[in-house]
Structure formats: C-alpha cells, structure tokens
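Q: So the protein sequences, as listed, match chains U and W. For the first sequence, the numbering used here begins at 1 and goes up steadily by one. For the second sequence, the numbering used here begins at 1001 and goes up steadily by one.
Among these hints, one or two may not hold up.
[What the hints assert, rightly or not] Straight-line alpha carbon distances no greater than 30 Å define the calculated DSS-like cross-link-like pairs of lysine-lysine that follow:
# : chain 1 : residue 1 : chain 2 : residue 2
1 : U       : Lys207    : U       : Lys280
2 : W       : Lys1055   : U       : Lys136
3 : W       : Lys1055   : U       : Lys207
4 : W       : Lys1055   : U       : Lys220
Note that these hints are calculated values from the structure, not bench results.
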Amino acid sequence: MSAHPEKKSAIVSAVNSHECLLSCTCLLLASLDASSPVHVCCWLRLILPAKGLRSIPNRRLLKAITHNAPFLNLCWGGKTQKNLKMSVIQPGTATLRKAKKITVKTCLDNPFVFQWKTIEGEDMHFILQTLEERIKHVGLKKIETPRKKKRSPRKIQTESKCDASTSKLLKKEEEAEGHRQNPGWTDISIRRQLAIGVNEVTKALEKNELLLLLVCKSAKPAMITSHLIQLSASRATPAGQVPRLSETVAPLLGLTSILALGFKKQSDKFTEVVEAIIPKIPALEVPWFQYRTEESMAYAHTDSSENHKPEQLAEALEDELTSQKRKRTESNQLDLSNVILQPLKIKKLVPNPNKIKKPPRKKKKAFSA
Amino acid sequence: MAAAVKDREALQRLSFLFQAAHWVLPHSPALARFYSFTQRGAARRLVLRLAPSVKRMVCRRCCSLLLPGEGGGQRLRGRGQPRTVLRCRTCGRCRRFLCHGQNWDGPVLESRPT
C-alpha cells in the first residue's frame, strides 16, 4: 500500500489541529487499511516533527496503538519497536512514563568470596579472657595526653589573672614531669611485640613477622579488614575474627578502638597466650594458597588431574601450561591437580534504582534538536 | 533473554581468566598480568560490566593482578574520611577508595533508565 498523498496531507492537517498525540494516531490508524508497518512508521515520522517532538516519548502510546489496532500487534514487534525504543528521549515529563521496562544489566561478579569465620561462644570468651589477663599482667597501656589538660590552663587564665600565672607555671611543670613519666606507652619493648592497628598488622604480615592475628568483627565497612584474610592465608598465619575484640581490649590498652591485633614472632611474654589461642581458631579457606601448600607437599602426583568443572577448559589450561613449560625451563612446574573452577557469578544490576537523574545540560539540547 | 545468553559465554570466559590469573600468580606474575589484560580487553570489546571488587584487583595501568599479599599493598589512611589506598607494586600506581559509613548499599549508578 503506497502512501496516498491526499490522505497524507489530510492527516497532517488533522494532526496539526489536534493536540493530543494519541488521538492523532488513532485517526491515522483509522485511515489506514492494514498497511505494512514500515509505512506506519513513516506516517508517524511525518507526524512527530510536525508536533515538534523528536520521537514517540512513551510506551503508553505504543500500548494504545496496539490496543486500537490489534492487527498491527505483530507488526509492531521487531524492527519498528526497536527503532522506537532506540530513539526514545525523555522530554522530561514524568506523567508519560508509566509502563517502563526496568532494564536489568548483568555484570560479572567476583567468583571468590572471602569471609571471616567468626569465633563465637566459649572460644571467644576464652580468647578475650586470656588476652585481658595477659595485658593486665604485663601492664601495657597507652596513656595519651588528653587535650583537655592543655586547655585547662587557658580556662584558668580566663578565670583568674595574676595568681593564675604562677599556678599555671606550676601546673605546667607538674604536667611536664607527668608527661616525662608517662608520655605514651608504659612499656615500649612490649609494645614492639604487638602489632596494633590495621596498617601495622598489614605491614608486619607482609614482612612475615606475625604469629597470630586477631580481628574485630565490628569493622564498618567490612572492607577495611577483608584484605587481611588473603594476606594471612598467603603467609600461613592463623587468623581469627572475634566479635568483641575492640570493646574489650581497647580500653585495656588505653585506645579508642582496635580492629586488628597481631602478635609478632619475637614476643616473649605473649607466647603462652598465642599457643593457647591458636588451636581455637578455624582455618581459613583461600583456594589457591591452600592447594599450593598441598602441591608442594605432594609433588609426585603430576598426572592425576581431577577437575570438577568443564574438563575442556582444564585441558586447555594444561595445554597452555605444557607449552609454557617448553618455553620456559627455568620456571617451576605448575601443579594444578586440585583446580576447581568456581561457577560463574553474575550480578544483576538495576541501573539507577533511585531514578536519580543528572541535571540536564541545556547546551546539549539546543544542539541536538 | 537472548542478550544474556550471548554474554553468558563471554562472562564465563572473563571469570575463567580471572580465576586462572589468581592461580598462576605465585608462579609467574607476568602470566597473571597477561590474563588480566585479555580479560580487560574482552570486557571492553563486548562492553561488559565488571564488579568493582573485580576491578580493584586489577591495576589500571599495568593490568597486573593485585592480591593483598603479592602485588598490591593496602593501607588505611585519612583521619577525617578514612580511605583505603591500594598501591600496585609493579607500576606504583595508587588507587584510593573511601571507606563509607554504615548506611551505604552501593554506588549510585549514574546510567539513565532508558
């Protein structure tokens, strides 16, 4: 069915007279005789620039069209619909957007999940108690110079004048003496045997200095301490997460909060505690490190390959490795007898769930029309 | 959805590369770097989204795989706004992430719902 120019002009004039786009399209459809979708699209494209719109702004219109012209239902699906979808640009009115397809985007998620295994119940209490006893026994504490002390002379200065100067001096001297006695830690040598704080613990772990690692569960966000799992597993250091570490140990040591605590290898006074605690801690699961230690133990079993997941992939990997082996004779042979391919993890995202929009840039709109 | 099926194979390839890089890392960091390079290239060509946790493991500049133990040192810095600084050891590039407070579900994705 070719386009009838008379009809065209008639419809265009009708369109201009009618404001509602819906009614225009209804008119249009009424005038058509089951024409092919391509022509319908052309018709609509005629209408829209006349209306001053760039494209059909909403699906409501689509639905209305399909409702009115059921014979067009099938024709709409496919190319035209895609075209319409592609060319949709919101003019900015919220009322037009009712039936909206929430596009779900898929993204690759991390297949490895590392979680701390929290030690709870008796073990936790035992650990905390032993720690407390030990710290009290040793008498390690950090005495911080509270800032109020510095301000108090000023307050006194504001209150009293002449006498204050002498009293200030005296107080300052006393404070200075007090500071000399207890500036920071009571016992520096013992302080060196512990690694207190996340940064210190990570540094010590990287240098392989730690015997034991304790982490507090109350870290927010949990990302702060999550990297320690992999680190400690790589160095084969036992590490445990205790729920209330910060609450119990921090006031003992005179600090506000402790998220990570590490015992260094040279510690004299804490070895008993360490030995008592170590058996209570469950082992951490980090696949490649565990298997690496196993591989080093049992190196003789090279041919046995027990792959759980798709074998083709494993074979491909082995082929790659063999080729690698031929190329490089110096590198150690890779033993992948226990490789388990983690299943694919996909995260499904709804982009912009709160429908937060960027403020529209007016400059761009002027150019694109 | 047809689109998901196509991507599924590609996503499987990506995750395989990622895991392989982890396994290979202790033996040859160069190979791990190659794997992550291919992974990033594949994701770019097909315009696939990677989770931020995956992206952070890979250095942006040199594409080497950063494990907390080998490759990337991680520190907490900043008093007012605590942030983690992730430093690649091979190329020395630093990445900083803010440690958000308690009420934080996820990043606000800026893509418009079209």
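Q: Decide, hint by hint, whether the structure agrees.
A: Results of checking the hints against the structure:
no.	hint	verdict
1	U:Lys207 / U:Lys280	25 Å, holds
2	W:Lys1055 / U:Lys136	45 Å, violated
3	W:Lys1055 / U:Lys207	26 Å, holds
4	W:Lys1055 / U:Lys220	21 Å, holds
Figure legend: structure checked against the earlier numbered hints; the only hint not met is number 2.
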